[in-house]
Amino acid sequence: ALWAIFEEIKDLCKFLSIPTFCVMIMQGIFGTIPWTVMGNMLLYFQLSGIDDSKSSILTGFQPIAGAFGNLMGGYIADFLAGKFGYHGRPFSAQITVALGIPLIWLIFGGVPAGSGSFGLYFALIAGFGLLGSWAQSGTNFPILSDIVPAEARSRVMAWECALENSIANLLGPPMVTLLATKAFGYTFGDDDGGDGKDLESAAALGKAMQATICIPWCVTLAAYTLLHWSYPRDVRRLAARRAKAPEPNASNQDGADRAA
Numbered sequence: 001a002l003w004a005i006f007e008e009i010k011d012l013c014k015f016l017s018i019p020t021f022c023v024m025i026m027q028g029i030f031g032t033i034p035w036t037v038m039g040n041m042l043l044y045f046q047l048s049g050i051d052d053s054k055s056s057i058l059t060g061f062q063p064i065a066g067a068f069g070n071l072m073g074g075y076i077a078d079f080l081a082g083k084f085g086y087h088g089r090p091f092s093a094q095i096t097v098a099l100g101i102p103l104i105w106l107i108f109g110g111v112p113a114g115s116g117s118f119g120l121y122f123a124l125i126a127g128f129g130l131l132g133s134w135a136q137s138g139t140n141f142p143i144l145s146d147i148v149p150a151e152a153r154s155r156v157m158a159w160e161c162a163l164e165n166s167i168a169n170l171l172g173p174p175m176v177t178l179l180a181t182k183a184f185g186y187t188f189g190d191d192d193g194g195d196g197k198d199l200e201s202a203a204a205l206g207k208a209m210q211a212t213i214c215i216p217w218c219v220t221l222a223a224y225t226l227l228h229w230s231y232p233r234d235v236r237r238l239a240a241r242r243a244k245a246p247e248p249n250a251s252n253q254d255g256a257d258r259a260a
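Take the sequence shown: its position 74, counted from the start at 1, is 74 in this note's numbering, and no numbers get skipped.
It should be emphasised that the hints constitute simulated quantities derived from the structure, not laboratory data. Hints may be right or wrong, so weigh each one.
With beta-carbon atoms standing in for the labels, derived distance ranges [stated by the list, open to error]:
#1 L178 to G119: 45 to 55 Å
#2 A239 to C218: 53 to 63 Å
#3 A152 to W35: 22 to 32 Å
#4 N169 to G114: 27 to 37 Å
#5 G196 to P232: 50 to 60 Å
#6 A240 to K54: 51 to 61 Å
#7 G185 to A4: 45 to 55 Å
#8 G196 to G119: 18 to 28 Å
#9 A4 to F122: 21 to 31 Å
Restricting the straight-line Cα-Cα distance to at most 35 Å, the calculated cross-link-like pairs of lysine-lysine (DSBU-like) are [what the hints assert, rightly or not]:
#10 K182 to K14
#11 K54 to K182
#12 K244 to K83
#13 K244 to K207
#14 K10 to K197
#15 K197 to K207
#16 K197 to K182
#17 K83 to K14
#18 K244 to K54
We put the beta carbon where it would ideally sit given N, CA and C, even for glycine.
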């Protein structure tokens, strides 16, 4: 068991020597922090005065729209990769993050709490799901699979997902809680109205969500920009290493050809 752990640590150290992997870890952590707090969307809509059934529909629709966005993102990234080579997938990620930031800002306060209709929020969530969800399918996994040998692809994805998810979940929920309660005055529970509507607390939660989502995604956008430098170099470095490596069964095949 100890030897297996040692081997995994060795693999991680090798991956960390690849600049693109380090960039992917950075974008992964900051890009995942927002997703760890998306569960607060339901509470935000309820505090804003949208009834429970409509709030549930809005919240449940977000991952459905995101599923179609992931599919669309794969096609778009493939198209851009065919047109712009190694710059296409980073460009696709930059587009989706740049589109997602203003849409999520509108959802959590750009449209003031209490003034947005069900239809408006539905349209914003549909837009966010379709336009802000391209990165994983179109950029992250394809790039990770390009920078390591085929036999290491599962391990590099496992390490990237493990690091980004664990660190993001450690940071995201406490961040939005502290901002909402300490910085913006979230006081849900003190209202005696009994209907769950509390526009002041909705505004406070919305500001905390905007900060916890939009600021990390700005860092993610910057990280994806670095891929224009690191990704082509790491792919070429791997290709050069493959070219220098001897064919594994070349000598055996030559012997078989001579025998035939």
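Status of the hints after comparison with the structure:
1. L178 to G119: 45 to 55 Å: violated (33 Å)
2. A239 to C218: 53 to 63 Å: violated (33 Å)
3. A152 to W35: 22 to 32 Å: holds (26 Å)
4. N169 to G114: 27 to 37 Å: About 31 Å separates the Cβ atoms of N169 and G114, which means 27 to 37 Å holds.
5. G196 to P232: 50 to 60 Å: holds (52 Å)
6. A240 to K54: 51 to 61 Å: holds (57 Å)
7. G185 to A4: 45 to 55 Å: holds (50 Å)
8. G196 to G119: 18 to 28 Å: Given a distance of about 21 Å, which is inside 18 to 28 Å, the answer is holds.
9. A4 to F122: 21 to 31 Å: With a Cβ separation near 49 Å, A4 and F122 fall outside 21 to 31 Å, so the hint is violated.
10. K182 to K14: violated (42 Å)
11. K54 to K182: holds (29 Å)
12. K244 to K83: holds (29 Å)
13. K244 to K207: Violated, because 54 Å separates the two Cα atoms, which is more than 35 Å.
14. K10 to K197: Status violated; Cα separation ~53 Å.
15. K197 to K207: Holds, at about 17 Å.
16. K197 to K182: holds (20 Å)
17. K83 to K14: holds (31 Å)
18. K244 to K54: violated (61 Å)
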